[in-house]
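Please model the entire structure based on the sequences and the hints provided.
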Amino acid sequence: MMDSQRLLEQVESTATVLQVIRRSDGYLHVSIGSQDLLSCLIRARTETGFLVLQLISVVDRIEDGKFQLTYILENPDDSSILILSALFPREGCTVPTLSEIWPAAETFERELHEMYGIDFPGNDRQDEEFILEGWKDKPPMRRDFDTLEYSIRMFGERWPRNHHDPRQFIGERVGEWETPMSGEEGS
Amino acid sequence: MSFDEATDPLKTTHLFFGPQHPGVTGNMSIEMWFDGDEITKAVTHVGYLHRSFEKLMERRLWIQNFPLVCRICVPEPDINEECYALAVEELDGILIPERAKWIRTLVLELARLGVNLMAFGGQAGTIGLGTGAMWGITLRDFILDLFEELTGARIYHIYITPGGVRRDFPEGFSKRVLHVLETIEERLPEFDRLILNNSIFLKRTVDVGVIPPEWIAEYGLVGPVARASGGVRDVRKDAPYEVYRELDFEVVTESGADIYSRALIRRREIDLSISLIRQILDRMPEGPVAVPLPNFTEWRVPPGEVYTRVESSRGEYGYYVVSDGSLKPRRIHVRGPSYVHAVPLLERMLVGANIADVSNIMVSLTTCPPEIER
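These protein sequences, in sequence, are chains A and B.
The numbering of the first sequence is this note's numbering, which starts it at 1 and goes up by one.
The numbering of the second sequence is this note's numbering, which starts it at 1 and goes up by one.
Calculated from the structure, these hints are not laboratory results.
Every residue, glycine too, gets a C-beta built ideally from N, C-alpha and C.
Treat each hint with caution, since some may be false.
[Unchecked claim] Derived pair list, reagent style DSBU-like, types lysine-lysine, alpha-carbon separation capped at 30 Å:
no.: 1; chain 1: B; residue 1: K328; chain 2: A; residue 2: K138
no.: 2; chain 1: B; residue 1: K237; chain 2: A; residue 2: K66
no.: 3; chain 1: A; residue 1: K136; chain 2: B; residue 2: K328
no.: 4; chain 1: B; residue 1: K55; chain 2: B; residue 2: K328
no.: 5; chain 1: B; residue 1: K55; chain 2: A; residue 2: K138
no.: 6; chain 1: B; residue 1: K55; chain 2: A; residue 2: K136
[As the list claims (entries may be wrong)] Some but not every residue of chain A turned toward chain B, in silico, with C-beta under 10 Å:
no.: 7; residue: V52
no.: 8; residue: R110
no.: 9; residue: E111
Okay, here's the thing in structure tokens:
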């Protein structure tokens, strides 16, 4: 597996590393500037052997008004993992597509467009429905999507729920009955 | 062929395959256009089983997610428990006892064995050899009996928890595991004669559903799908977790790249799992099976991010877990192999395929829709 220090030096030659999030043998996760993301990903693929795009993920940093895009790459020769994270403005979030470089990216981006509302210009299929069907509301994986409010609006309030004491409830049906505790409770 | 030609209503027939179809793996559908018997375009539709696991996990305590994660994959739930446990342990710096590592590895191999028995027989089932499918399910049932005894549940075990496993082996459990292995081994030669030496099976699988080796990196193919096309990729060997580093095994590969090769990989994986389980039982150390954990209601996992991965029966399976130091996870993203196998890969493989081979090709990828939808 590739030494993480060597990997870090290679990333630093392309991008400004803002933070090393986690590192171990054959594993490096760094945060870089969003302006460096595309060039760093392309270089990782073409020059460092990270040919496989494992995952594109998003963390909604709503408190900072940012989306954290995370790209997980794998080198199939030695199974090393390189993870690149970058922050993008949350409102009107636009991220360059990778579907021309990795065909698998098209599907990841479709899902993120649907679940977070992130725009990937150049991805021809991002507007195709993926998991949700006929969804018109706020993208549901955003932190500010209120699931309870949505549920009440779509399906109405839950019916009034009566809570029953099992002893009273059963007693009404079958009559009172004796239990070992009856005497103590009655006293 | 351009988009318009592939879906031209005057030249092609438009058909949905699934979500309710005996030949479909799980709840998904493929929208197909075909000219005669030849498919001109295919689009995978998922979402029929979307239960929003990832959103739910952001609203539950760390420990409350354990009964949830296993439900992402019905045939092989343990990989989810393992990935999630590894992530929580990595973030919180929890070291588990040695015996727990061996037990976890045994559980993972038992689950893999069960899935491969079902998948190997199921491959025959897609072309009408229903006996093979039934035999596979029957043999898997013996393994489910073992899980029931060990964990109390046949399907969703909730057994691998952070800090180790939920309980130790019951009295005499190892002997019963060995007995089940012997039972399975006795039937395997007959299984082989029924499926691998069957001329119908050969005609329907050899040189059908071919995946060129260059697609492995292009799409990120993993597991038996990649290994049947010559790719030597197996997390158990490449990035060993638990005790795989201490076990003696070679990565199983084939070069045919077709459905037959993928079935052969699963058949050889059955032998490999049996061998690994025997090695584990031979060398299982004594000792505790779990370490104490913090109070679950007050458990704040330190802030951090981690990507953990294990080898499932379908290939590399990963969890990207983010903690902000609160009582609940900030983000959990499940990356199952079916994500690329069932969507971009299947859509591409089906173009030019015969309509009669759709189920055959799909099952050879052992696609699992719940891990796409999460």
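- Message: Hint validation: V52 (chain A) versus chain B, beta carbon distance must be below 10 Å. Holds or violated?
- Response: holds (4 Å)
- Message: Hinted pair, alpha-carbon criterion (30 Å max): K55 (chain B), K328 (chain B). Please report holds or violated.
- Response: holds (11 Å)
- Message: Tell me if the straight-line CA distance from K55 (chain B) to K136 (chain A) falls inside 30 Å.
- Response: holds (18 Å)
- Holds or violated: K136 (chain A) with K328 (chain B), Cα cutoff 30 Å? Given pair K136 (chain A), K328 (chain B) holds - Cα atoms ~28 Å apart, limit 30 Å.
- Item | chain B contact restraint for E111 (chain A) - C-beta distance below 10 Å | holds (9 Å)
- Task: Compare the distance between the alpha carbons of K55 (chain B) and K138 (chain A) with 30 Å, and conclude whether the hinted pair is satisfied.
- Result: Roughly 14 Å between the alpha carbons, so the hint for K55 (chain B) and K138 (chain A) holds.
- Task: Using 10 Å as the Cβ threshold, decide whether R110 (chain A) counts as touching chain B.
- Result: Holds: closest Cβ of chain B sits about 9 Å from R110 (chain A), inside 10 Å.
- Between K237 (chain B) and K66 (chain A), is the straight-line Cα distance small enough, at 30 Å or below? Violated - the C-alpha atoms of K66 (chain A) and K237 (chain B) are around 38 Å apart, more than 30 Å.
- Task: Take the C-alpha atoms of K328 (chain B) and K138 (chain A), compute the straight-line distance between them, and say whether it is at most 30 Å.
- Result: Given pair K328 (chain B), K138 (chain A) holds - Cα atoms ~23 Å apart, limit 30 Å.
Violation of the numbered hints given earlier is confined to hint 2; every other hint is satisfied by the structure.
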